[in-house]
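Order-wise, the sequence lines are chains A and B. Each step along the first sequence adds one to the number in the UniProt record's numbering, with nothing skipped, and position 167 is 167. Each step along the second sequence adds one to the number in the UniProt record's numbering, with nothing skipped, and position 197 is 197.
It cannot be assumed that every hint is accurate.
[What the hints assert, rightly or not] Computed far set for chain A versus chain B, every beta-carbon distance over 12 Å:
| id | residue |
| --- | --- |
| 1 | A66 |
| 2 | D67 |
| 3 | D129 |
| 4 | E137 |
| 5 | V215 |
| 6 | I237 |
| 7 | E242 |
[Unchecked claim] Label pairs and their in silico Cβ distance ranges:
| id | chain 1 | residue 1 | chain 2 | residue 2 | range |
| --- | --- | --- | --- | --- | --- |
| 8 | A | T199 | B | R233 | 36 to 44 Å |
| 9 | A | A66 | B | G22 | 19 to 27 Å |
| 10 | A | E119 | B | T196 | 54 to 62 Å |
| 11 | A | A136 | B | G22 | 37 to 45 Å |
| 12 | A | D132 | B | G78 | 57 to 65 Å |
| 13 | A | G12 | B | L73 | 52 to 60 Å |
| 14 | B | S16 | A | A66 | 27 to 35 Å |
Just so you know, these hints were derived from the structure itself, not from any lab. For each residue, glycine too, the CB sits at the ideal point set by N, CA and C.
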Amino acid sequence: MIRMENVHKAFGDNRVLQGMTLEVPRGTSTVIIGGSGTGKSVALKCVLGLIKPDSGKIYVDGKDAADTGDRDAFLARFGMLFQGGALFDSLPVWQNVAFRLLRGSLKRPVDEARAIAIEKLRRVGLKPDVADRLPAELSGGMQKRVGLARAIAAEPEIIFFDEPTTGLDPIMAGVINELIREIVTEMGATAMTITHDMTSVRAIADNVAMLHGGVIQWTGPVAQMDDSGDPYLDQFIHGRAEGPIEAVR
Amino acid sequence: MNPLDLLARLGRLVMSVMASFGRVTLFTLDAASHILRPPYYPRELGIALLNIGWLSLPVVGLTAIFTGGALALQIYAGGARFNAEAVVPQIVAIGMVRELGPVLVGLMIAARVTSSIAAEIATMKVTEQIDALVTLSTHPMKYLTAPRVLAALITVPMLVGIGDIIGIMGGYTVAVQNLGFNAAAYLQNTVDFLETRDVVSSLVKGAVFGVIAAVMGCYYGMNSGRGAQGVGRATKGSVEAAAVLILAANFVLTGVFFSI
Numbered sequence: 001m002i003r004m005e006n007v008h009k010a011f012g013d014n015r016v017l018q019g020m021t022l023e024v025p026r027g028t029s030t031v032i033i034g035g036s037g038t039g040k041s042v043a044l045k046c047v048l049g050l051i052k053p054d055s056g057k058i059y060v061d062g063k064d065a066a067d068t069g070d071r072d073a074f075l076a077r078f079g080m081l082f083q084g085g086a087l088f089d090s091l092p093v094w095q096n097v098a099f100r101l102l103r104g105s106l107k108r109p110v111d112e113a114r115a116i117a118i119e120k121l122r123r124v125g126l127k128p129d130v131a132d133r134l135p136a137e138l139s140g141g142m143q144k145r146v147g148l149a150r151a152i153a154a155e156p157e158i159i160f161f162d163e164p165t166t167g168l169d170p171i172m173a174g175v176i177n178e179l180i181r182e183i184v185t186e187m188g189a190t191a192m193t194i195t196h197d198m199t200s201v202r203a204i205a206d207n208v209a210m211l212h213g214g215v216i217q218w219t220g221p222v223a224q225m226d227d228s229g230d231p232y233l234d235q236f237i238h239g240r241a242e243g244p245i246e247a248v249r
Numbered sequence: 001m002n003p004l005d006l007l008a009r010l011g012r013l014v015m016s017v018m019a020s021f022g023r024v025t026l027f028t029l030d031a032a033s034h035i036l037r038p039p040y041y042p043r044e045l046g047i048a049l050l051n052i053g054w055l056s057l058p059v060v061g062l063t064a065i066f067t068g069g070a071l072a073l074q075i076y077a078g079g080a081r082f083n084a085e086a087v088v089p090q091i092v093a094i095g096m097v098r099e100l101g102p103v104l105v106g107l108m109i110a111a112r113v114t115s116s117i118a119a120e121i122a123t124m125k126v127t128e129q130i131d132a133l134v135t136l137s138t139h140p141m142k143y144l145t146a147p148r149v150l151a152a153l154i155t156v157p158m159l160v161g162i163g164d165i166i167g168i169m170g171g172y173t174v175a176v177q178n179l180g181f182n183a184a185a186y187l188q189n190t191v192d193f194l195e196t197r198d199v200v201s202s203l204v205k206g207a208v209f210g211v212i213a214a215v216m217g218c219y220y221g222m223n224s225g226r227g228a229q230g231v232g233r234a235t236k237g238s239v240e241a242a243a244v245l246i247l248a249a250n251f252v253l254t255g256v257f258f259s260i
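Whole structure, please, built from the sequences with the hints as guidance.
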C-alpha cells in the first residue's frame, strides 16, 4: 500500500535518508525502529508531503504521493498521532478531535461532529467531561489519548504514530500500546509507527523495519526479530553499548 | 582587510537583504491569494478582529491621549518663542492625523500584535501544530495567516482613526484646561484646518502598517527555528522588522501624499 523507493533527504550536510526503501502492505502494522536522529520522523513526514524528499519515489496505492492532484482528498486518507500530541492550544478538546469534521470536505453539522468526538474520546478511555477542557489542562497521557482520538476521528485508512509512548510512564505506555493495537485491528487500517521503545514494538508491530545510516538495515516480521542474525538489529533490541552502531558517550 | 574581501562581504549582505525582501514579498502575495480564495475561516477571522482591533483599543487610546497632550504643551512652549502660541490646535491636528497617530498606532500594534502573532505561530511550529494542521487537510497560510492579515487590514485603520481623534482630544483637554484656549474656537480651528487628504493619508497609512505588522508576525512565526530560542528569535525579529518597515513605509507614504 505504501512503498518508499530509494528516498534521499539531506538537511545541509546532514544526510538523513540515503536511499531508504520500504514497503508497508495494506492492513498491516509496520514499526520503524532506530536510534534518535536516524530519520524516522523524516521518513513519515516525507510520505505525508510535510517534507519533500531530495530524490526517490513514494507511492500510496501505486500512485505517486508527490503528484496526488486533490491534496485534501489525499490527506483525508491519513491520520497521525504526533510525538508531543500537537493539540491546538486555543481549541477545546472536542474541537481538536473533531477538527477535520468541522471544516473541509469531511465537514459535518456541529452537533454531529461533537457527538463523534465524544465517541472517539470514549474509545480512547476518556470521559465526556474532558471534551470541553483545553489541552493545557490535561496530563501528558491524556493529551496523547486526545491526539489518538483526533487521529482516528475521520476513520482514516492509514494511521501514523510518531513515538506514541515517549514521555509516558510504563503503565500509560502499555495502555496506549494496547489502544493502538485494538484500534488498528478493528478499523482494518494500515499503520506505520516510529519508536525506539521495544515494548511498544512487540505490542504494536506485525512487521519491523530498522532504519540505520539512512537506509533500512533489516526488515521482517516481528516474530523473526529476535533471531534475525543482523548485528545492528541485535545490538539495538538488546540495548548494548558495544556493536556496529557507534554509541556516543 | 583586503578591499576585495570587503566588497565580497558587502555583496553577500546586499544579496541576503534582497533575498529576504523577495521571500517576504512572496509570502505577502501568498497570504493575499489565500485571503481571496475559499475556504474561509470566519471564526478565526472573528478572533483575529477581536485580538488585533478591540483588545488594542486601550493601549492605542492611552498612547494617543498622552501624545496629544504632550504635543499641545510642546507646541505652546515652542510657539511662544516667536509669538505663535495660537497655532496649537492646527499643529496638534496635523501632527496627530498625518504623522503621530498612524506611526504610534503602527508601532504599538507592532509591539502588541506582531510579537503575539509571531510567538503564537512559532510555538505552534515547534510543537508540530502546523504539521498537524497540514495532516488535517488545513492549509496553515489560509487558517493562520489570512485571517490575521485581513483583520489587521480592517482594524488598524480604524484604530488609527480612533487614535487621531483621541490624540486631538488630548491636545484639546490640555489646551483648554491648562493653556487658556477657548474650547469652541479650538475645535473650530481643528476642523477648519484639517483636509480630506490628511485623513485619507492617515487611514491608508494605518492599513499599510496593519498589513506590515500582521505579515511580519506570521512570516517570522512560520519560519521560526527550533525550541524556545527559536520562538524568542522569531518574536524579536518580527517586532524589529515590523517597526523598521513601518517607519520606512511611513516615509514613503508621506512622500507620496505630501511631496510638493
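Each hint, compared with the structure:
Every CB of chain B lies more than 12 Å from the CB of A66 of chain A, the least distance being 15 Å, so the non-interface label holds. At the 12 Å boundary, the C-beta of D67 of chain A stays outside the reach of chain B, the nearest C-beta of that chain being 17 Å off. The beta carbon of D129 of chain A sits about 24 Å from the closest Cβ of chain B, which is more than 12 Å, so the claim that it is off the interface holds. The claim that E137 of chain A is not at the interface with chain B holds, since no C-beta of that chain comes within 12 Å of its own (minimum 16 Å).
The Cβ of V215 of chain A lies farther than 12 Å from every Cβ of chain B, with a closest approach of about 24 Å, so its non-interface assignment holds. The Cβ of I237 of chain A sits about 28 Å from the closest Cβ of chain B, beyond the 12 Å cut-off, so the non-interface label holds. Every beta carbon of chain B lies more than 12 Å from that of E242 of chain A, the smallest distance being close to 32 Å; the non-interface claim holds. One distance hint, 36 to 44 Å for the beta-carbon pair T199 of chain A and R233 of chain B, holds here, with the actual separation near 38 Å.
Evaluation of the 19 to 27 Å hint for A66 of chain A and G22 of chain B yields a pass: the beta carbon distance comes to about 25 Å. Range check, E119 of chain A to T196 of chain B: Cβ separation about 60 Å, and the 54 to 62 Å hint holds. For A136 of chain A paired with G22 of chain B, a C-beta distance near 38 Å keeps the hint of 37 to 45 Å intact. The beta-carbon spacing between D132 of chain A and G78 of chain B, approximately 59 Å, falls within the hinted interval of 57 to 65 Å.
About 57 Å separates the C-beta atoms of G12 of chain A and L73 of chain B, a value consistent with the hinted range of 52 to 60 Å. For S16 of chain B paired with A66 of chain A, a C-beta distance near 30 Å keeps the hint of 27 to 35 Å intact.
In this structure, none of the earlier numbered hints is contradicted; all agree with it.
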